[in-house]
Structure formats: C-alpha cells, structure tokens
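> Construct the complete structure from the given sequences, taking the supplied hints into account.
These protein sequences, in sequence, are chains S and E. Here the working numbering is used: position 407 in the first sequence is 407, and no number is missing along the way. Here the working numbering is used: position 88 in the second sequence is 88, and no number is missing along the way.
If you're looking for bench data, these hints aren't it; they were derived computationally from the structure. Nothing here was measured: the structure is a model prediction, and the numbers come from that model. Beta carbons: idealized from backbone N, C-alpha and C, even for Gly.
Covered stretches of chain E, as calculated for chain S (at least 3 residues, CB under 8 Å):
(1) 53-63
(2) 87-96
Listed below are the simulated DMTMM-like cross-link pairs for lysine to aspartate or glutamate, each with C-alpha atoms no more than 20 Å apart in a straight line:
(3) 55(E) to 537(S)
(4) 390(S) to 300(S)
(5) 50(E) to 533(S)
(6) 50(E) to 554(S)
(7) 50(E) to 578(S)
(8) 421(S) to 115(S)
(9) 50(E) to 537(S)
(10) 25(E) to 561(S)
(11) 44(E) to 96(E)
(12) 610(S) to 567(S)
(13) 50(E) to 575(S)
(14) 44(E) to 64(E)
(15) 55(E) to 543(S)
(16) 55(E) to 524(S)
(17) 55(E) to 554(S)
(18) 50(E) to 561(S)
(19) 354(S) to 115(S)
(20) 55(E) to 552(S)
(21) 50(E) to 536(S)
(22) 55(E) to 575(S)
(23) 610(S) to 577(S)
(24) 390(S) to 455(S)
(25) 55(E) to 577(S)
(26) 50(E) to 567(S)
(27) 55(E) to 579(S)
(28) 50(E) to 577(S)
(29) 50(E) to 564(S)
(30) 50(E) to 579(S)
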Amino acid sequence: MAGFITLMATSTKSSAVKRFLIGKPIPTSEDAHQRLSKKIALPVFASDAISSTAYATEEILIVFLSLGAVGMAAYSMLVPISLIVIALLTIVVISYRQTIFAYPNGGGSYIVSKENLGEYPGLVAGASLLIDYVLTVCVSVAGGVAAIISAFNGLAPHRVQICIGFVLLMMVANLRGLKESGALFAPPTYLYVLSLIALIVVGLYRVFVQHLPPIEHTGEAQHLLEMQGSVTAFYFLKAFSSGAVALTGVEAVSNGVPAFKKPESRNASTTLIWMAVILGSCFFGLSILAQHLQPVKDHEGIIPNTVLAQLAEQVYGGRNIFFYVTQFATFAILILAANTSYADFPRLSSLIAKDNYLPRQFSNRGDRLVFSNGVIFLSLASIGLLVAFKGQISALIPLYAVGVFTGFTLSQAGMVVHHYKHREAKWKAHMAVNAVGSVTTFFVAGIFVVVKFTDGAWIPAILIPIMMIGFKGIHRHYTRVRSFLLPSDDYVAPFHTHFVIVLVGSVNQGTMQAVRYAQSLRPDRLIAISVVETAEDRQRIDEAWIKFNLADVELQTITSEYRDLTEPILNRINELDEEYDDDLITVVIPEFVTSVRSQWLHNQSALAIKARLLFRPNTVVTSVPIVIP
Amino acid sequence: MGLKNIVKSANKGIRELDAERLVDKFADLNLTPLGEVAVRTKVKVCGEVKRMTMKPRSGIPSMEIVINDGTGQVTVIFSGRRHIAGIEHGGCLAVEGVAYRERNNTVFLNPVYTLLPHGAE
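Written as structure tokens, this is what we have:
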C-alpha cells in the first residue's frame, strides 16, 4: 500500500509527462462519428492494400533470384504471376462486395465467422487477424524505411533503430488519437498513386518508344543474374505466394462500412472496386516494367536499394527530384499503411475482449478515446518482431499473408453460411460467389503454409492454436468468475460480525486519528494491538493511552520473543478470527504520507503486514493516511 | 543430536520453538499444565505473560493477562485496575483459582496470584 501511495504522490508529476505526450483528455460526449466521402475513404481504407505494391514485385523477384537462383528466367515469370495474383484479387474483391452489403455495420472476418461459423472459427479468424495487424506494422514500417535507405544509402546500418523510432512515433501519435482523417491520409496516398502511375507510364514510354536498356548490375546483383537454375513448380508457387501479399489490406473496406457517407454499402463497394483497379493495374504495370528493366534484389539485404528505387532511378535517369518524390511517397504510404493497423488492431482486440476472450483492459478507452492498451501492445509486439527479424521485409513476408488468407477463407465461408441461412434474393448465386472465394483463398493459404513452412510460415501455424488456447482460458476464467458472482433471486449479502483492529506503533496524532476513524465504523468489537519489546515500552504506551483519553478502547500489548513484527500480529489476528465464525476483520493501519523523497523512510513494516493480509479471506485492510506536509 | 533432529528443528515454527522453551522452563514446578485445566475446580497453574490488555469492562477499568506455559494459554482478569506492579511482558505468574470458559478461552477472574520473578525458582 505504501507503494501505491507513492504512486499516487508521483502521479501528479507523471501525469504532466503524459499530458505533454498524449494531450489533454477528451470527454466521451465528443466521440462523434466522422463520415467519409468516397474520395476520402479511398486513401483511408486503401492505403494498406495499395502500399503493398511497393514490395510485392520485389518479393517475387527475391524468391526467383536469391532463393531459386534462376537468373534471367525470373523476369519472364513476373507477368504470369502478376496475372494470377490479379485474378485472385478479382475473386476476393467480388466476394467482399457481398460482405459489404450483408454487413452494413462493419463485417470484419472475426464478426462474420463468429456469427455464422461459430466460436472456434471466429477465434481462428480473430487470432490470425491480430497476428496479421502486428505484421502489417512490421512489414510496412520495414518497407518504408527501406524506401528511405534506398534514397540515402548511408542510413543502412541503422535500419532497425529507424524502424523502432517510427513505431514509437506512431504509438505516441495514436495514443493522442490520430483520427482516420482524410487530411492526413489523402495527400500521401494520392501522391503515391500518382507517382506510381507516372513511373509506369514514363517507364513504359521510355522502354517501348525510346528503347531504354535494362539496368546494369555489378557485384552481388550481377552474380545473382548469372545463375542458371530452372524454374520449378515449388519456386513458382513460392514466388506466387510472395506476390499474393499484394492482397493484404483488401478487407479493410468491409471492416469500415459504417464510416462511409450514406448509402454506406453502395459507397463502400464502389470504393472497394476503385481500390482493386488501382492496386491491380499498378501491380501489373510494375511487373511489366520490371520485366524489361530487370532490377535485382536479394533476401539478406546486401543490395540496399529496393526494386522500386532501382526502377525509378533507371526510368528518371538518375537520382533527381522525381526519384526522391517517388521514394518519399513510397515511404509515406507505407507508414500510413502501418498506421491502419493502429486503427484495426485496437478495434478488433476490444471486440474480442468484449466477448471475454482477451483481458478486459483491451476494451478500455484511454484519455483520448482510443483503446490505449491495444495501441501499446501492438507497438511492443511490432518492435519485438522488427528486432528479431532485423527489419528485413523478406524475412517477415512468409509470416504475413498466412493470416490474411486464413481470414479471407473464414470470412467467405461465413458468408456462404450467411446466404444459406437468410436466403435473400439470388442467394444461390451469391452463395456460389462466396464459395468460390472461400475455396480459392483456402487453397492459397494452404500453398503458403506448405511452400513457406520452413521460412517462417510455421510461426503463425503454431501461434494461432496457442492464441486460441489462451482465448479459451481467459474466456473460461471470466465465465467462472461471473457465474460465481451472479446473485440468485433470493440472495442477500450475509451478515458479518464486524471486528476492527487498529495497529498501533506508538501513541501519536496518527494513531489517534486512526482510532477515531475505527470508532466511526461502529464495529461490534474494536481493539488496538501494539507489539512491545520491553516492560518500559509497555508502560509508556499504556500511560500515553490513558493520558490521551483512549482508554475506552481496549489496548492489547503483545511481545515478540523473536523480534519479528509481522508474525505475532498475524498470529493474533488468526486467534481473534477463530473466536467468531462469521466475522469480518478490518485492520486499520495509520500510514504517514510524506513527500516522494522521504516516503521510503516510513511504513515499511506496514507494507509487510499488508502484503501478508492481502490474500487473507474475510479481511479488509484500511490505511488511514496521515499527511505530513 | 543427529542430522534428523537438526533438520526437524530447522523446520519448526517460532510458536513451537517458544512452546518447547516454556515447557522446559516450568517443568520443575509440577503444576497443572494449562492445556489440561478443568473448569469449576480449584487448580494452580503458571505461565509466562504473553499479552497484556487494558480494557474497560462494564465501565470499570480492568486488565487482562494471557499466560502461556507451552501446553496452552489462559486469560487472567483483574478488575478495577489498569495495572499491577510486577506483572510485565516476559515475567512469570502462578495463579490459583477456579476457571471458567468464555468463548474459546479459559478465564480466571481475580485469582490469587504469585509473581515468579525468576521463572521456575
């Protein structure tokens, strides 16, 4: 308890620091729901999905060049793979359009699968999404930092530190309550889309009209190109699954349907299609460009420049203003993409916590109306992963996407059940669409786990079941506590004989205040206990007790043969407790509250006694604070 | 004293250690052990003062002494006074009187008492 009081005393100071970082608290009444137009909603919800074009092509190339060692053959594979990815994107988007209409209040994978498929699939979806949001932060931040490092190669040794810095920055910004505001999201997203389109259009013009030659490589890159491996089905699937990360973030629109202006579902579905068109065409364009310009990247980060940076440098003829604008826009959209996780992770964790599968703290909102604990947890988890994987995207990619596609599969399967249950107009056709989506994404998820198992896909494959066990354990505990505490119709709180014990060290103002307080409780029995060492101590305390008119309260003095203070007091309390069957014991302890500086000089024995009494049944411990200015 | 005994004594709680000490201390007096005091018969017992209480008993001051001889403990009440010279923590007391039960305690009300300033001598 002394520690708690110390905390209270310091809280005035620590809250000043918190106020400076987080800002002043917002009242709940200001929690207005902001509605977004389509032009604003596109950058807000699509930044995550569109940003994946910044690394998807690169990841395909890494698999072929660095892992598969197929050399020049890699470039002929780019366009076929991107076509398959675009086909997949189309299937997923059409499926999700139906979710948007069926769940106008927001239908994340967790909600849809929990409602339609039951508890366990819902939890699988929840767990995989939570993992995924953490990875979105990691991958996007790592990608954004990679874009900076491509522009300023000198920063390469500090990659991890820069990543951590940005995560911390986002944590503070989100604890302040960064709204999904268009003013923040729109410029970087549109800048990125424009610079990407410019790069593709200018690039294709220079390749096909001006006959721009491929990038010239030296050193490691040249070495990778000289490899002569053949393209096996295994590496083809592996490259495909790397490319499929372009689909991450597609579900964001369906989660955020209520944030759209009316008619919500129609606007959301239009936005989803715009997003898919932008995503698909940019990805396809980049693949064609990369096929002709032949950028090279390895999986260990020996080549510092990203594929996008290499393309921009070649297309714009060196490191000029256009190159830097492209790099900056890439960096900005990736940081924004990471930031969408900061909106989604706390929201999802609060939903799961409300269903009692996560600690309740996740559903508490902080000073600025954000789910602060979710924000902090997400940041710490991301930092942990970034440190563990040294800020390398390609190391994180295999962990990613498994969860995304698990989420897709379950959500689509949930939609199939939803259509079957509700049987609205054309339900058979809708059900078929979702069934196709579900089966396709299920196969893709399966391919991921198989071809990338040893690269890290085993981590989510193990983590998701572990998280489920955790969810269930928490749920069981909360259920048990609730059913234990649930009052039956004729429940009356039991009567207790109230027994108050005041602990007395010496007779002073503090003791007198504590005794007066104890008397005000109107207990059935009130005694004061003091541990004395010598006869003189006993005499002094007895005399003071009479002198200050406390003698109408029983004072017991006990000795401690072995000089210990805690043990005799606890023994005495046990003895007193045995005298009645139904008693409730309140132990009143006077405590001195001084400045933080000198607090540790006081209350040490009180702290020890309190620590021992904390778990004693039927015992209330009360501190009477004696404030010493 | 074998190793077994050392281990045994290391595991003993403070209460047990104290009880052993008290049993040894009063062994020579051959009085009724406190653990075997029968009510409503005159007995003579002794023990070390373990707790002293000043309390108002129906408005008049009284003092309660708890003595312990290692086999058990009894409460001795002296009414009308707050303190008796010579009765102190750690001191020993022989008490002669008739006991009664009050809640879970054995109580002697205003018994004849003898101070045993040097323990069992």
